[in-house]
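Chemist: Sequence:
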Amino acid sequence: MPPVTSVIPDSIPIPSSVVLEYSLPVTSANAVAIPIPSSIVPEYLPPATSINANIPLPSASASFPPIGVLPPFTLNSLATNSADNPKYRFNAGSSTNIAVYYGQSPATSTTTLTSQCADPNIDIVILAFVISQLDGGKYPSINFGAACGGQTQMMINEAPGLLWCPGLASQIQICQATYGKKVLLSVGGSTSKISFSGPGQAQELGDVLWDVFGPAGNVDPQLRPFGTVEVDGFDIDNEDNMPAHFDALALTLRNHFSHTTAKTYYLSSAPQCPFPDASDPMALLLLCDFVWVQFYNNPSCEIGSAGFSASLKQWSQVLSTSTMATKPKFYLGAPAWSAAGPTAYEGIGGPEGMMGIAEHVEGMKMHNFGGVMFWDGSEGVINVQNGKDIIAWAKEGLTA
Numbered sequence: 001m002p003p004v005t006s007v008i009p010d011s012i013p014i015p016s017s018v019v020l021e022y023s024l025p026v027t028s029a030n031a032v033a034i035p036i037p038s039s040i041v042p043e044y045l046p047p048a049t050s051i052n053a054n055i056p057l058p059s060a061s062a063s064f065p066p067i068g069v070l071p072p073f074t075l076n077s078l079a080t081n082s083a084d085n086p087k088y089r090f091n092a093g094s095s096t097n098i099a100v101y102y103g104q105s106p107a108t109s110t111t112t113l114t115s116q117c118a119d120p121n122i123d124i125v126i127l128a129f130v131i132s133q134l135d136g137g138k139y140p141s142i143n144f145g146a147a148c149g150g151q152t153q154m155m156i157n158e159a160p161g162l163l164w165c166p167g168l169a170s171q172i173q174i175c176q177a178t179y180g181k182k183v184l185l186s187v188g189g190s191t192s193k194i195s196f197s198g199p200g201q202a203q204e205l206g207d208v209l210w211d212v213f214g215p216a217g218n219v220d221p222q223l224r225p226f227g228t229v230e231v232d233g234f235d236i237d238n239e240d241n242m243p244a245h246f247d248a249l250a251l252t253l254r255n256h257f258s259h260t261t262a263k264t265y266y267l268s269s270a271p272q273c274p275f276p277d278a279s280d281p282m283a284l285l286l287l288c289d290f291v292w293v294q295f296y297n298n299p300s301c302e303i304g305s306a307g308f309s310a311s312l313k314q315w316s317q318v319l320s321t322s323t324m325a326t327k328p329k330f331y332l333g334a335p336a337w338s339a340a341g342p343t344a345y346e347g348i349g350g351p352e353g354m355m356g357i358a359e360h361v362e363g364m365k366m367h368n369f370g371g372v373m374f375w376d377g378s379e380g381v382i383n384v385q386n387g388k389d390i391i392a393w394a395k396e397g398l399t400a
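Residue numbers for the sequence shown follow full-length UniProt numbering, beginning at 1 and rising by one.
Hints may be right or wrong, so weigh each one.
Said to hold, decoys possible - Here are the in silico distance ranges between beta carbons for each label pair:
#1 D220 to K365: 45 to 51 Å
#2 P299 to T228: 44 to 50 Å
#3 G198 to N386: 49 to 55 Å
#4 E346 to H259: 20 to 26 Å
Don't read these hints as lab results, they were simulated from the structure.
Quick caveat: nothing in here was measured; it's all calculated off a predicted structure.
Ideal Cβ positions, reconstructed from N, Cα and C, are used throughout, including at glycine.
Based on the sequences and whatever the hints tell you, model everything.
Modeler: This is how it looks when you write it as structure tokens:
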């Protein structure tokens, strides 16, 4: 991903003017609703400082539910509401899917995860990011921009890098139950601090990710940022040129997937288009369900370059060598706005130009083509030309 990712500073000062809207304790009206730990600490966590001064991060005043307060709905009511969208069924084998990252762009505070999932042109949303492994002990660090705030006392004591995210958890539920969309959790990003000295470390992170973000019951709910809510899978976006043992991470997650029959889980990765990728090894990529190749910020193979078509074909061919029963689906990764990949975006020619790019690539009839990935969804929906945003133009091109 381009350098719009942020990291949590080691020390975050609390502004004296901050007023916390917070009530304690909070009780759930329904046993199947998201449990609210009684020990939530109203610790103010403003958005992290951007590594790029020209790219603002989400405002702390973004419209997300207050800490410890959940919207008045339950899992049962969500299941009933799913009738609002009866025709949509996620198809992992489709060639017309669109995946978007969410959580780290300048426009994140202008939209919500729910609105991304409600968009009929979006099929998969990828939350960004888990930014470091085993921070302060056993658990990783996360950063979802303005979408989370506060920690439970157990997080403070045992997992200082985790955050309590009830508002985001409720939106994940809506995405899954009401709209049928898939929500993945991305591990990495351009400024992440994840590397492994051996396969054992990678396996340990995989186990912890599963316990904290997979099915509930393996750890105390107060250590789970989304409470009892679980994601639909994981994305590995390693960009630090240290590929060792990431296949062990993938194998660990795959092993957990195979022992859980309640639902289907997915694994994805986002290599750069130069082949082979310097950070995501083929041993990892061949274990994925989706591979969204970043055809931007890489002059030799990005959208609009002389090497673009050849790179598309090469990636399609190498991913077809996977020995999995269902081989990886290959996605065209594209910038949703100019700042994410200036020269590739110039090659696209603006929002409407994405229709022609998507139609051309889909028309190549690569048997494992899956659709388009955008960095990112929040920017995509506000990048409009002739009445449609760039995501809608891409979907029109894929389905033409």
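Chemist: Is 20 to 26 Å respected by the C-beta to C-beta distance linking E346 and H259?
Modeler: The hint (20 to 26 Å, Cβ to Cβ) is violated, given that E346 and H259 are roughly 47 Å apart.
Chemist: A range of 45 to 51 Å was offered for this pair. Does it hold for the Cβ distance of D220 and K365?
Modeler: holds, 50 Å
Chemist: Quick check on a hinted range of 49 to 55 Å for G198 and N386, using CB atoms only.
Modeler: About 53 Å separates the Cβ atoms of G198 and N386, which means 49 to 55 Å holds.
Chemist: Take the C-beta atom of P299 and the C-beta atom of T228, compute their distance, and say whether it sits inside 44 to 50 Å.
Modeler: holds, 46 Å
When held up to the earlier numbered hints, the structure conflicts with hint 4 and nothing else.
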